[in-house]
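Which chain is which? The protein sequence lines are A and B, in order.
For the first sequence, position 36 matches number 36 in the UniProt record's numbering, and the numbering has no gaps at all.
For the second sequence, position 10 matches number 10 in the UniProt record's numbering, and the numbering has no gaps at all.
In short, the hints are calculated from the structure, not lab data.
Keep in mind that the hints are not guaranteed to be accurate.
[Said to hold, decoys possible] Derived list of chain A stretches under chain B, where covered just means 3 residues or more per stretch with a C-beta under 8 Å from a C-beta of chain B:
#1 22-33
#2 50-56
#3 129-139
#4 175-184
[To be verified] Quick list of simulated restraints, FRET-style, between CB atoms:
#5 133/A to 201/B: 28 to 36 Å
#6 197/B to 63/A: 56 to 64 Å
#7 148/A to 136/B: 13 to 21 Å
#8 211/A to 130/B: 32 to 40 Å
#9 197/B to 94/A: 54 to 62 Å
Don't be surprised by glycine CBs; every beta carbon is placed ideally from N, CA and C.
Residue-level listing of the chains:
Number of protein chains: 2
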Amino acid sequence: ARSLTRDSIPRLQDHAPGQRQVLFAACELGVFDLLAEAPEPLGAAAVAARLGTSSHGTELLLDTCVSLKLLQVETKTGKALYQNTELSSTYLVRASPKCQGNMLRYLARTTYLCWGHLTQAVRDGRNQYLEAFGVPSDQLFSAIYRSEDERLQFMRGLQDVWSVSGRPVLGAFDLSPFPLICDVGGCSGALAKECTSLYPACRVAVFDTPEVVQTAEKHFSFPEAARISFCAGGLRRCSMHGVWPKSFLGSAKPEEVSRGHPGLRTPDLSICGH
Amino acid sequence: ARSLTRDSIPRLQDHAPGQRQVLFAACELGVFDLLAEAPEPLGAAAVAARLGTSSHGTELLLDTCVSLKLLQVETKTGKALYQNTELSSTYLVRASPKCQGNMLRYLARTTYLCWGHLTQAVRDGRNQYLEAFGVPSDQLFSAIYRSEDERLQFMRGLQDVWSVSGRPVLGAFDLSPFPLICDVGGCSGALAKECTSLYPACRVAVFDTPEVVQTAEKHFSFPEAARISFCAGGLRRCSMHGVWPKSFLGSAKPEEVSRGHPGLRTPDLSICGH
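Start from the sequences, fold in the hints, and give me the full structure.
This is the structure we're talking about:
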């Protein structure tokens with residue numbers, strides 16, 4: 001074991017959950033929003049006072065954010081003053097169009113708890129929504145969408161993801177030959193928006209469950225509304241074993257999607273948003 | 001924001017708790033022990049059968065371990081066969097003297113849950129043992145040592161840490177001029193063992209609470225027993241604000257430690273094991 005030194009140990013300790021929780025906590029407490037709005041860098045005491053958090057805890061949090069390159073610090077007359085980095089300004093400030101705050105909140109509140117049950121998940125061969133949240137999870141998306149609040153939180157999270165990844169994904173292949181595209185399991189319509197923006201000639205039909213469509217229409221705005229339509233479907237959605245869109249695509253043909261919705265002709269292309 | 005591309009996003013997603021949980025789960029299920037004992041590399045189905053785990057879940061777990069360099073895989077006649085890497089053989093197999101399994105279990109079961117409450121901890125400025133485990137935590141070590149099982153688990157974890165880090169720490173300075181060393185808050189005596197091994201002429205007095213000393217004497221063996229003695233003390237241990245050994249060292253002088261224990265003369269050096 002000559003090549004293996006104590007330096008290998010940190011590899012085991014990489015990816016500490018604590019580091020990610022620091023990012024989550026700073027987002028949730030509004031650290032990045034406060035620093036974005038402040039006209040100048042702030043000290044830890046000022047941040048704590050405005051957020052109503054513990055002064056010692058805030059100082060530790062800010063310094064850890066610095067070490068994670070989420071904040072930068074400068075010292076003026078002996079006082080540490082914090083401000084956002086380019087990374088946090090772009091992805092962690094609520095006012096930024098690329099803010100990932102909703103997705104991070106989802107990861108912190110839901111995904112983090114599920115990961116805590118991984119050992120049992122490997123034993124059982126099934127997800128642990130029952131153990132983590134008390135909801136049966138034979139139908140994964142029923143568990144994820146277990147309440148209006150949870151549904152909205154998840155949809156906002158996906159909105160964040162597509163705000164950054166939608167354009168590169170949709171631009172990977174030239175989709176301009178397809179004038180009518182169906183996004184199966186299209187959720188909040190975030191990918192549809194990116195699609196109409198990238199391909200000015202196309203129309204997109206977003207197909208999802210009635211509850212999701214209702215939430216999308218209620219909470220999300222669609223400046224391109226004329227080119228994006230929602231289809232609330234129930235197509236075999238109750239037999240959602242495994243990941244929904246996969247089995248959905250496996251069991252549904254584009255013709256079936258349009259058959260249940262006479263107003264919609266067979267799409268030229270069906271994509272799966274997840 | 002020209003310098004900031006989509007490649008920056010992964011930085012936000014580094015340190016995914018999931019990656020660490022994969023390590024925890026594989027340890028807890030005994031994957032590395034099984035592969036260490038097997039005479040040859042095993043397929044996922046064989047691992048699942050012997051561990052009594054889900055075959056699909058096991059396959060996913062093993063492949064993720066490969067991506068984290070905790071396992072290596074070779075394909076023979078179309079079948080993937082897994083074996084330990086040097087890293088996992090050294091630090092994750094129970095039979096290895098450097099195995100970190102107890103510490104990892106502690107991190108997975110206790111620390112992981114505490115990190116889940118970080119936002120509230122920054123609001124309150126206090127640890128979250130009450131929220132995570134229902135135990136009051138004004139005295140941190142009372143919370144950590146909340147039951148015999150928890151105490152034992154924590155002590156075994158520290159044992160793991162010192163089995164790797166004890167020698168470099170104790171060897172950083174030459175302690176050979178000190179024939180009697182007192183390890184204040186010396187827990188299981190793991191550091192004392194490393195000390196007597198590194199400095200053959202020294203004796204070590206391990207000072208800790210009566211409960212810890214009792215657990216140490218019951219569950220841990222001391223081949224060098226003649227040179228390691230335990231002192232069960234109550235010295236101001238009830239005023240444990242913050243991290244115990246720090247305040248302990250702050251309030252106690254070595255003379256006081258020995259005063260309460262007439263058999264022990266003033267140590268030549270007091271160290272803090274945590």
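Comparing the hints with the structure gives:
1. 22-33: holds (count 6)
2. 50-56: holds (count 5)
3. 129-139: That given contact is violated, which follows from only 0 residues of the stretch 129-139 of chain A lying within Cβ reach (below 8 Å) of chain B.
4. 175-184: violated (count 0)
5. 133/A to 201/B: 28 to 36 Å: 59 Å Cβ-Cβ, so the 28 to 36 Å window is violated.
6. 197/B to 63/A: 56 to 64 Å: Given about 37 Å between the Cβ atoms, the range is violated.
7. 148/A to 136/B: 13 to 21 Å: Between residue 148/A and residue 136/B, where Cβ atoms are some 36 Å apart, the hint is violated.
8. 211/A to 130/B: 32 to 40 Å: Taking Cβ atoms as reference, residue 211/A and residue 130/B lie about 37 Å apart, which means the hint holds.
9. 197/B to 94/A: 54 to 62 Å: Because 56 Å falls inside the window, the suggested range holds.
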